[in-house]
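Numbered as in the numbering used here, the sequence shown ends at 384 without a single skipped number.
Honestly, the hints are just simulated from the structure, not real lab data. Small disclaimer: the values here were computed from a predicted structure and weren't measured. Be aware that one or more of the hints could be misleading.
When the alpha-carbon atoms are kept at most 20 Å apart in a straight line, the in silico EDC-like pairs for lysine to aspartate or glutamate are as follows [unchecked claim]: (1) Lys201 to Glu78; (2) Lys312 to Asp252; (3) Lys189 to Glu103; (4) Lys237 to Asp252.
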Amino acid sequence: MKKYFIYIAILAIVGFGFYQKVYIPKHTFETILPSKGNMSITVNGVGNVGSKDLYKIGSIYGGKVLDFKIEEGEFIKNGDLVAKIDYVDLEEKALELEATIKKLKNDIKSLNIDKQSAKAQYSYQDEILKKNSKLFKKSAISELDFAKFKTDTNVAKLQVASLSSKIDSLYNQVAQINASLKGLKERLSRYTIKSPLDGYVTKKLISNYAIINPNQTLIEIVSPQDVWIKTHIDTRISGNVKVGDRASIKLRSSSKEYKGVVSNIKPINNSVTNEREIDVSFDNLPIPFYLEEQAIVDIDIKELKDIIKVPTQAVTIYKEQEGVWIVDENIIHFKPIKVLAYSDHSVATKDINIIDRLVIPNPNKKSLRDGMKIYYD
Numbered sequence: 008m009k010k011y012f013i014y015i016a017i018l019a020i021v022g023f024g025f026y027q028k029v030y031i032p033k034h035t036f037e038t039i040l041p042s043k044g045n046m047s048i049t050v051n052g053v054g055n056v057g058s059k060d061l062y063k064i065g066s067i068y069g070g071k072v073l074d075f076k077i078e079e080g081e082f083i084k085n086g087d088l089v090a091k092i093d094y095v096d097l098e099e100k101a102l103e104l105e106a107t108i109k110k111l112k113n114d115i116k117s118l119n120i121d122k123q124s125a126k127a128q129y130s131y132q133d134e135i136l137k138k139n140s141k142l143f144k145k146s147a148i149s150e151l152d153f154a155k156f157k158t159d160t161n162v163a164k165l166q167v168a169s170l171s172s173k174i175d176s177l178y179n180q181v182a183q184i185n186a187s188l189k190g191l192k193e194r195l196s197r198y199t200i201k202s203p204l205d206g207y208v209t210k211k212l213i214s215n216y217a218i219i220n221p222n223q224t225l226i227e228i229v230s231p232q233d234v235w236i237k238t239h240i241d242t243r244i245s246g247n248v249k250v251g252d253r254a255s256i257k258l259r260s261s262s263k264e265y266k267g268v269v270s271n272i273k274p275i276n277n278s279v280t281n282e283r284e285i286d287v288s289f290d291n292l293p294i295p296f297y298l299e300e301q302a303i304v305d306i307d308i309k310e311l312k313d314i315i316k317v318p319t320q321a322v323t324i325y326k327e328q329e330g331v332w333i334v335d336e337n338i339i340h341f342k343p344i345k346v347l348a349y350s351d352h353s354v355a356t357k358d359i360n361i362i363d364r365l366v367i368p369n370p371n372k373k374s375l376r377d378g379m380k381i382y383y384d
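Produce the complete structure using the sequences and hints provided.
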């Protein structure tokens, strides 16, 4: 009999130890209270760093590339020298044309002096003719003498006309050569390649002293104002996104969060993935940046006011319903909820009260079920 009581005592001790060391810990859970406040509703997307425009800089003429010292990643300004193309003898031809123009202008200057002299001679001969014309009418001089004076006057007049014609011809030559020189200089300017904008060199496609073909691209440039994130978002959740919505950007290469804004929404959906391309620009472009780098974008589409916010760790699935466990006098009940929005650490709902104590499920402890008794901290 005494032995029987000893067994009962041992079982009681073991049972009490099990209750204290196993049962209670397995039925003891952390709890948390919801909060009330505002929550921004965001749309998430994954994309890559891209650019609105990519500028291909090249030469319309072929030849050997000279003075090509641009490097990838370098920032160049509008008007900076990119490269020169060997233009063979074009510069010498331009100098020859300029020398010819200078000579023609000197000839014109000389002929104008001769013309002034010829005009003076004509005026002198014309005055003599007028005086002798009066004498001829009075028969004071012979017809032969009068004819000589008349001839001298006509010769002087023709001399003025001849010089005028030569000067006009030289002016026409100057105009023609100037047109040729302008075309030649324009062509020479095309052999000197300059940047048409401020931007970063993203690609260098040839090396210095390389032989290129006409219209071949030398470098590609992207303007900082054109850089954005090309993100693709499921059409079902992208409908509320508008141009101008604020956004945050996280690049794969950095833990820093960058601010941005929705700049463009493509009007055509991808028929295969059912996604829409939404482009988000940086408020301040990170330097350096890398095209095609992966990025995550969160776009704020609206803000919920005075909403109940439930920590995500308290939200669970029970009998195929999303909800929370509410504890009341150590008894738990499952409360299905409708999630209105998600944030990084909480969800928004209207289906619970601010005073409801929520149980945090723990996979290492007893599985929760409706009506179950628990202990909580």
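Verification of the supplied hints:
Under the criterion of a C-alpha separation no larger than 20 Å, the hint pairing Lys201 with Glu78 is consistent with the structure, at around 15 Å. Under the criterion of a C-alpha separation no larger than 20 Å, the hint pairing Lys312 with Asp252 is consistent with the structure, at around 18 Å. Restraint check: the Cα-Cα separation between Lys189 and Glu103 comes to about 13 Å, which is no more than 20 Å; the hinted pair holds. Distance check on the hinted pair: Lys237 and Asp252 sit about 15 Å apart at the alpha-carbon level, within 20 Å; holds.
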